[in-house]
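Novice: Chain by chain, the residues run as shown.
Number of protein chains: 2
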Amino acid sequence: MLNSVTDALRAELTSKLPAAAFRELTDAYLREPRGRYQGSGGLLVAPDCTEDVATVVRACADARVGIVPYGGGTGLVGGQIAESGPVPVILSLERMTRIRATYPAENVLVAEAGVILSNVQDAAEAEGRVFPLSLASEGSARIGGNLSTNAGGVNVLRYGNARDLCLGVEAVLPDGSVLHGLSRLKKDNTGYDMRHLLIGAEGSLGIITAASLKLFPKPAGEGAALMVVEGPEAALGLLALAGDLLGHQVSAFELINHMGLDFLAEVGPEVRAPFADTPEWMVLIDVGCVAGVEPSQALETLFEAAAERGLVTDGVIAQSGAQRDAFWAIRESIPEANKRIGSVSSHDISVPVGRIPEFITRAGAALATLDDFRINCFGHVGDGNLHYNVFPVRGKSRDDYDHQRHAVKRIVHDVVAQMEGSISAEHGVGRLKVADLNRYGDPTKLAAMRAIKAALDPLGIMNPGAVVTA
Amino acid sequence: MLNSVTDALRAELTSKLPAAAFRELTDAYLREPRGRYQGSGGLLVAPDCTEDVATVVRACADARVGIVPYGGGTGLVGGQIAESGPVPVILSLERMTRIRATYPAENVLVAEAGVILSNVQDAAEAEGRVFPLSLASEGSARIGGNLSTNAGGVNVLRYGNARDLCLGVEAVLPDGSVLHGLSRLKKDNTGYDMRHLLIGAEGSLGIITAASLKLFPKPAGEGAALMVVEGPEAALGLLALAGDLLGHQVSAFELINHMGLDFLAEVGPEVRAPFADTPEWMVLIDVGCVAGVEPSQALETLFEAAAERGLVTDGVIAQSGAQRDAFWAIRESIPEANKRIGSVSSHDISVPVGRIPEFITRAGAALATLDDFRINCFGHVGDGNLHYNVFPVRGKSRDDYDHQRHAVKRIVHDVVAQMEGSISAEHGVGRLKVADLNRYGDPTKLAAMRAIKAALDPLGIMNPGAVVTA
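Protein chains in written order, with full-length UniProt numbering: chain A, 1 to 470; chain B, 1 to 470.
Be aware that one or more of the hints could be misleading.
Because identical chains share one entry, a pair is satisfied inside a single copy or across any pair of copies.
[As the list claims (entries may be wrong)] Straight-line Cα separation of at most 25 Å, SDA-like style, residue types lysine to any residue; simulated pairs:
| id | residue 1 | residue 2 |
| --- | --- | --- |
| 1 | Lys396 | Phe216 |
| 2 | Lys339 | Gln297 |
| 3 | Lys16 | Asp325 |
| 4 | Lys16 | Glu51 |
| 5 | Lys339 | Ala407 |
| 6 | Lys218 | Ser84 |
| 7 | Lys339 | Glu270 |
| 8 | Lys218 | Arg158 |
These are calculated hints, taken from the structure and not from any lab test.
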């Protein structure tokens, strides 16, 4: 059983850490972006070095006080917010913002956990390299949080998830010991992979304080196209064809449903697709090409081959960087339009790529038995990852469906589970999906997770209530 | 404390498993390829399905008898051989050889643990795809062992290690429960990544029984070149240039020292480099190109750019598949030549890629203080992974250095440790490097490994003596 923060713990931390480590606990630290979680309090501590993080963890372990690690606060599953229970220490990484080293010839960069993702991207860019992790909140999310949640984003198809972009981590474990794992090695088979255990553990096994990250050469040229497809099945055919013709030059492959475009027209932001009629389905294809391959030519070749096979009915290839950005603005504005409409329930799910059409059909049919909805289904179809979001029909609001929210989520997640999918593709478990994980997770995996949690965090102080429950 | 196999355990297994699961324990199961480990005995069991593997594990847990998992038997660190201690069950995966499913459109293949690596490659090829894990023992190594040891090989530069080629595993954990993790998902953030914990655990946390593996589109064209470089520093310059000019089309980048060519001339096999004089250093570059890029033209462009920068002094670009094979035959014959010469001590090490030249200088200087040796240093320089092998001078044999073997290994590993490197880059820890891991490993990592081992395998039955010791 954990204790709330005591005066004694406050005094101990005050005596051991510099004054700058203590900041005012504003409401920003207690709110989740969509306002679905509200923390009740905590002692905010922001160490600026690994040793001070270790000091905090040791003191909390001694006092049996929970620690909620806090990065950029952009998580969507409540992993950064403890709503109830004993008052915790909120350990923010916001002052650990150093790029410790860059090794451009090795394509490696070592960043502290508090570096904002876009600053990592910029540091890579300054060395003529790319750090390809890219997602909507990159201007405020911090790399430690990105790693702790194994963030996804738009370039997973080509470069993998956050875990695939990390060579090693430094972390403070629940007993306050420091794991020195900032490896720059591409190959290291000396025992259990602690990096991959901490990545995706959402702070429940320790606090990542720094990471060595993989950089990549910049593509020689980049381009994008919007192609209209009959439906998800044709989109998959186009995806396979793109793989055959362009190989790993395909960076992103995003499915967009007319509902997203309708929402944009209805509530903004003001962006529109470059087609006379709103297409039922379209895909945004982004490519980064090697020298000798001209991006718009490569996309033209793809389009022609796809048209021959009846996979596409219309398409526009970006003729400039500005047009490419305009295509991306459509995709990236959809979440904001969704927010303005107000979803009944949103689902960050994945299924095997080949089963996406079946999923869309089955989930839609299952929901139709409950009520009428508008469904905006879009996302990283190249990764099998859809944001399958369920909205009120016109004239109704989110609140009108309060009584059905739980049933909607259950229906969607049941279909996902029946189809060998994941109820959390890229956002993580946090506190939002603990019950879902317990419901749908493999019992052997859950038992192993609990055993590992108990072994590494026997007092249960690390992000209590997140991911794993006894 | 573990028990030896008893008649009661034999009887129980005989009653629960089909007769075909019991095979004669020939010496092949008790010998490591280089003859450095010799097992003393065991009960050989070869189940042909996951449930039977679970039955064996449960029976062994009840009887507190150790289990040594056995794949293709090609491991080089004694992970598959228990030399001493209570008589174990040797659990061979050789009968679990089904390709359970292929999903070519998804680039996924599901194979049982006993499938021989080259058969996985062939199954991918049959679908017009590539499974890129490639290593010398691919004709006898089994995929379960490749994953358990996180095998490396020649294509890591482009495609990553074995763990990067795996989407999910099915495994029997030490209590006999089955982890159902054969995911085909590219994104799944539902809790701790058990896949990555089991991969590289060398059977000490459970037995991988099947895996879903990533396939890749075939490159549109392939090619290879041998380029002569002044030394390791120039090789790194060439590597960086290749990345800049060819991007991820570079599949392999292997460094070859004249000593390897001298050994080939001295003891065979009869292959030779296509240069009039034996180059001091050369690199073998292999490329797999996208459509629109002609491999030999791309290599020509690279060679010209490298020559302009003074990075290469000579070079030959393969003009045919046969010539490409001939280049690879040089690289792949070196281990055989090494074996014929007989090393004093061999080291599978890695350092940060940029520090390779410094490593070669420092290790050579440190060894020179001990005695005269011939050093054959070659390998996957693109991954920072060298096979740094120390040989007798002409006229002496391996046995003449018996008294120095330990000192040689210590000197090399000390330099590796001082340079942030790994004492086991791709072969694993097994039983050979347990003491080295305890000596050089991060104490926090070692403590966490022991805690995880105790949590998941409290009886210590899984591959006792390998990787982790109390």
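Novice: Give a verdict on every hint.
Specialist: Going down the list of hints, with the structure as the test:
1. In this assembly of identical chains, Lys396 and Phe216 lie within 25 Å of each other by CA distance neither inside one copy nor across copies; the values are 47 Å within and 47 Å between.
2. With identical chains, the CA atoms of Lys339 and Gln297 are never at most 25 Å apart, being 37 Å at best within one copy and 51 Å at best between copies.
3. Taking CA atoms no more than 25 Å apart as the test, Lys16 paired with Asp325 passes in neither setting, with 49 Å inside one copy and 64 Å between copies.
4. Within a single copy, Lys16 and Glu51 get their C-alpha atoms as close as 11 Å, which meets the 25 Å cut-off; across copies the closest is 55 Å, which misses it.
5. In this homomeric assembly, Lys339 and Ala407 come within 25 Å of each other (Cα to Cα) only inside a single copy, at 21 Å, whereas the closest approach across copies is 66 Å.
6. Proximity of Lys218 and Ser84 under a CA criterion of 25 Å is satisfied in neither setting, with 46 Å inside one chain copy and 53 Å between copies.
7. Taking CA atoms no more than 25 Å apart as the test, Lys339 paired with Glu270 passes inside one copy only; the shortest distance there is 14 Å, against 69 Å between copies.
8. With identical chains, the CA atoms of Lys218 and Arg158 are at most 25 Å apart both within one copy (13 Å) and between copies (15 Å).
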